[in-house]
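I would like the entire structure built from these sequences, with the hints used as guidance.
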Amino acid sequence: MLEVLDYPFMQRALQAALLIGIAAPAVGIYLVQRRQALMGDGIGHVALTGVALGFLLSANPVWMAVLVSVVGAVAMELVRSSGRARGDIALAMLFYGGMAGGVMIINLAPGGSTANLTTYLFGSVNTVSPSDITAIMILSAFVLLVSFGLRRQLFSVCQDEEFARVTGLPVRALNLLLAVTAAATVTVAMRVVGLLLVSALMVIPVVAAQQLTRGFATTLGLSVGFGVLVSLSGTVTSYYADVPPGATIVLIALGLFALIAAAAAPLSHRRARAAAAGAARESEVVAAP
Amino acid sequence: MEPVISLSGVTAELGGRPVLRGVDLTVGPGEVVALLGPNGSGKSTSVRAAVSQIPLTGGELRLFGTPVRRFRAWQRLGYVPQRSTAAGGVPATVREVVAAGRLARRGLRPLGRADRAAVRDALDQVGLADRAGDPVDSLSGGQHQRVLIARALTTAPELLIMDEPLAGVDLASQRILADTLREQVERGVAVLVVLHELGPLEPLIDRAVVLSGGRVERVVEHSSELPADHACHPHDELDPSVVPPLQTGIL
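Chain order of the listed sequences is A and B.
For the first sequence, numbering that gives the first Met the number 0 gives the first residue as 0, with consecutive numbering after it.
For the second sequence, numbering that gives the first Met the number 0 gives the first residue as 0, with consecutive numbering after it.
If you're looking for bench data, these hints aren't it; they were derived computationally from the structure.
Hints are supplied without guarantee of correctness; some may be wrong.
Here chain B is said to cover these stretches of chain A; the calculated rule only asks that three of the stretch's residues, wherever they fall, bring their Cβ under 8 Å from a Cβ of chain B [unchecked claim]:
id : stretch
1  : 26-32
2  : 150-161
3  : 166-179
4  : 209-220
C-beta: ideal position from N, C-alpha, C; glycine also.
So this is what it looks like as structure tokens:
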């Protein structure tokens with residue numbers, strides 16, 4: 000048996016990594032579809048304020064981060080849907096406010112300093128406590144229920160929001176649910192991957208998968224597979240090489256992306272040629288008397 | 000018979016600027032009505048107001064006789080928004096995009112066997128059944144429009160509302176779209192369509208409503224008198240044998 004599994008802290012880290020590997024791309028795919036790939040980063044910065052508030056109020060930082068990042072994500076969604084500010088500007092404000100709020104509040108906490116935030120910013124395998132595992136399991140179950148159970152509905156809203164409204168779907172409620180789900184994912188992932196790199200696990204497996212796939216369902220399945228692969232292998236590598244898990248996971252994910260990009264280039268050329276030939280055939284048929 | 004859609008004295012604003020200044024428009028069952036007019040005349044705003052996507056500042060909107068505030072039977076209406084592409088930020092197959100139309104019947108429940116059959120049927124109607132498993136971003140501009148129409152047809156609607164379906168579509172594809180639409184009209188589906196030019200759709204149109212400055216400028220009741228300045232000249236090249244006779248019987 001692998002030596003890595005002998006230690007309870009590593010068992011917890013691997014459990015967390017497995018759940019994160021499944022949940023992060025399952026939510027991230029909708030953000031990528033709506034061209035809001037950076038939303039996870041915005042929520043990550045706001046979650047930092049939540050973690051600091053947890054220290055200040057002597058509450059559990061994970062649940063405090065969930066609370067504050069849900070509020071932040073909902074506020075961001077309301078600003079986006081009301082059209083009052085451009086999406087990228089609302090996101091920028093969230094980045095600055097979240098980071099500044101976190102640093103300010105942690106310094107107000109008794110005996111607190113920015114050093115307390117480091118493990119949350121960059122992730123760490125040996126800080127996942129048994130109570131963290133409970134929180135991570137509850138939150139991942141919620142995330143998976145939403146992102147798989149409402150797959151068709153979320154697909155429709157993220158593909159063409161106006162059309163989805165005209166089919167009578169509760170679009171605003173679904174958008175808010177997606178924002179809350181993204182916030183839950185960020186806090187699930189922050190213990191292992193770290194808040195600054197959380198978004199990478201929501202985005203890179205999806206963009207890696209979509210180079211090989213033709214449909215949404217297959218992209219969802221493959222990106223979850225890639226998410227699990229990189230998060231587990233990254234966590235194990237970080238144990239043996241004694242390097243930070245978040246950075247290891249993200250670098251492995253980027254390596255996988257580059258590998259697939261190189262391998263898929265001939266495939267996409269072939270597809271483009273086939274599509275062009277198909278279109279030409281159709282116009283010949285139409286033009287024929 | 001009760002109109003499928005009626006706007007009376009409708010006013011609407013975009014960014015504080017009045018865009019509709021009292022539009023009256025009625026479409027009866029099985030009727031095909033074209034909305035024409037120059038850019039900024041309020042054509043798209045009228046149809047987006049008609050599907051409740053722009054709040055009205057005045058007037059009344061009824062869908063199938065029900066005031067829009069209380070209207071819930073969205074499956075009776077097929078909407079084709081103005082889009083140059085049916086693709087999003089993640090690959091999706093033609094079948095997956097078209098299936099989104101069935102949510103008008105399913106709501107938050109998962110799709111079942113009947114939904115899959117309806118999607119196949121809708122793809123058949125627009126002649127894309129053989130492309131069901133292909134990614135939408137591999138399609139041509141005209142095929143994208145047919146995907147959007149198929150998505151609207153999945154619920155077998157009684158009214159189709161289309162915003163510039165011919166924009167950016169070459170003449171050959173316009174003819175295919177016209178054929179698709181003619182089949183729907185023959186089934187008794189009413190159509191409200193925003194057009195820049197009538198093009199190959201001209202033989203199908205029962206009535207043209209010309210907008211100008213957010214008001215109805217004139218209404219032309221018969222196809223033979225349709226405003227020439229909005230007609231697409233290339234339709235003259237159409238083979239008369241493939242152009243169907245005017246469907247005046249539906250009126």
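Going down the list of hints, with the structure as the test:
1. Counting residues of the stretch 26-32 of chain A whose C-beta sits closer than 8 Å to any C-beta of chain B gives 3, which meets the bar of three, so the coverage hint holds.
2. Judged by the Cβ-Cβ criterion of 8 Å, the stretch 150-161 of chain A is covered by chain B as claimed, because 8 of its residues qualify and three suffice.
3. Judged by the Cβ-Cβ criterion of 8 Å, the stretch 166-179 of chain A is covered by chain B as claimed, because 4 of its residues qualify and three suffice.
4. Chain B is given as covering the stretch 209-220 of chain A, and this holds because 7 residues of the stretch bring a CB closer than 8 Å to a CB of that chain, at least three being needed.
Comparing the model with each earlier hint shows no violations; every hint is respected.
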